[in-house]
Amino acid sequence: ILNVEQSPQSLHVQEGDSTNFTCSFPSSNFYALHWYRWETAKSPEALFVMTLNGDEKKKGRISATLNTKEGYSYLYIKGSQPEDSATYLCAFLAQTGRQLTFGSGTQLTVLP
Amino acid sequence: IAGITQAPTSQILAAGRRMTLRCTQDMRHNAMYWYRQDLGLGLRLIHYSNTAGTTGKGEVPDGYSVSRANTDDFPLTLASAVPSQTSVYFCASRPYAANTEAFFGQGTRLTVV
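Going down the list, the sequences are from chains A and B. Each residue of the first sequence is one higher than the last, beginning at 103 in my numbering. Each residue of the second sequence is one higher than the last, beginning at 91 in my numbering.
Rather than coming from a laboratory, the hints here were simulated on the basis of the structure. One or more of the hints may lead you astray.
Listed below are several chain A residues computed to face chain B (Cβ distance under 10 Å; list not exhaustive) [as the list claims (entries may be wrong)]:
(1) 104
(2) 128
(3) 138
(4) 143
(5) 148
(6) 151
(7) 193
(8) 199
(9) 203
(10) 206
(11) 207
For each residue, glycine too, the CB sits at the ideal point set by N, CA and C.
Just chain B, with the same shape it has in the complex (with noise of 0.2 Å):
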């Protein structure tokens, strides 16, 4: 693993199922940051993570939950899928000093049907 990593790549998933999306990194990042991808609205942040242990909720947090069980992991679990969720989900993290950028795993595109 080399920087982050987001898995599945792409998702077909029924309305109604549950859904954790994957999130590793492996450079010791304290902070780590879910977005989603809407059309005319840039990066929305669902939940985001300061250090392990402790997480936080963003402007679009209903219908997801997220862990931070450990400093690489982050999982985003959509406990019962609906359409409106279809999107691509970026998952990122950075250092936790102020001067820091953040690093975006490649994405990951669902669609629930």
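One chain only, chain A, in its complex shape (with noise of 0.2 Å):
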């Protein structure tokens, strides 16, 4: 079993406020790692997908960063809104076997 963890599992902010979450995932075979958000009652959808170490992505007011090295991952939302509430899953995706294992994901609440 792959060991992809999250942390915080949950996080209340108020409008306005910049967060980051964080995904520790296994140092070695490592082949990718992706970043989902997830709505209540719908399916996820990817924000990023990250291969290589140091990657840095951004999407908006989301951005993400990526260590291969010492297994983690951090996701930033700056100036968070209501409409950001969600909950952020990580994945990670093996070299060996190929599966795509996701962590617990941390539940995101922006309080107006």
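Quick one: dock chain against chain with the hints and give me the complex.
Here it is, written out as structure tokens:
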């Protein structure tokens, strides 16, 4: 079983706050690291796919970084808005086997 | 069909019955996955397939089987359902390349009573 962990499990922030979450994954057998946004009653949708150590990706107010040598990725949200409320999932794609294994997610609530 | 489709959308099933959840994609993606959504545990991988004709076990494969006879279809079978298999099941697919995202079906809500 591949160990993919996310922290914190849940987070409440005020509108306008900036926040970040952590995903830790195995530092060996790395192929890619995914981030997804999952709204209630919907299906997960991809935010980023990262493959190279040191990768930084940005989409609007959301950005992510990747450190494959130490096995972690950070997701940042700048100036959180109520519509950012969702569960954010990371997923580790293994080089061997190519399983896509998800962490348990960080549930973000942005209070107006 | 556009994208990835699961059927049924929801189902109530008596314990001990056999059930097949269907998943079909029209994007010619090589890799397909089945997950179950459990509270506090996110998405747990049940089985996966990297290409037609091959399958692999995920984190929680017991009680489930899959087949991949062709590229488009990846059915998940519960041979004899138990209440602990009550969950929302998601199918996903992606191209095989490293830098490609997964696309998810809409989910199947299964209740075993």
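Each hint tested on the structure:
no.	hint	result
1	104	holds (8 Å)
2	128	violated (14 Å)
3	138	holds (8 Å)
4	143	holds (9 Å)
5	148	holds (3 Å)
6	151	holds (5 Å)
7	193	holds (7 Å)
8	199	holds (6 Å)
9	203	holds (6 Å)
10	206	holds (4 Å)
11	207	holds (4 Å)
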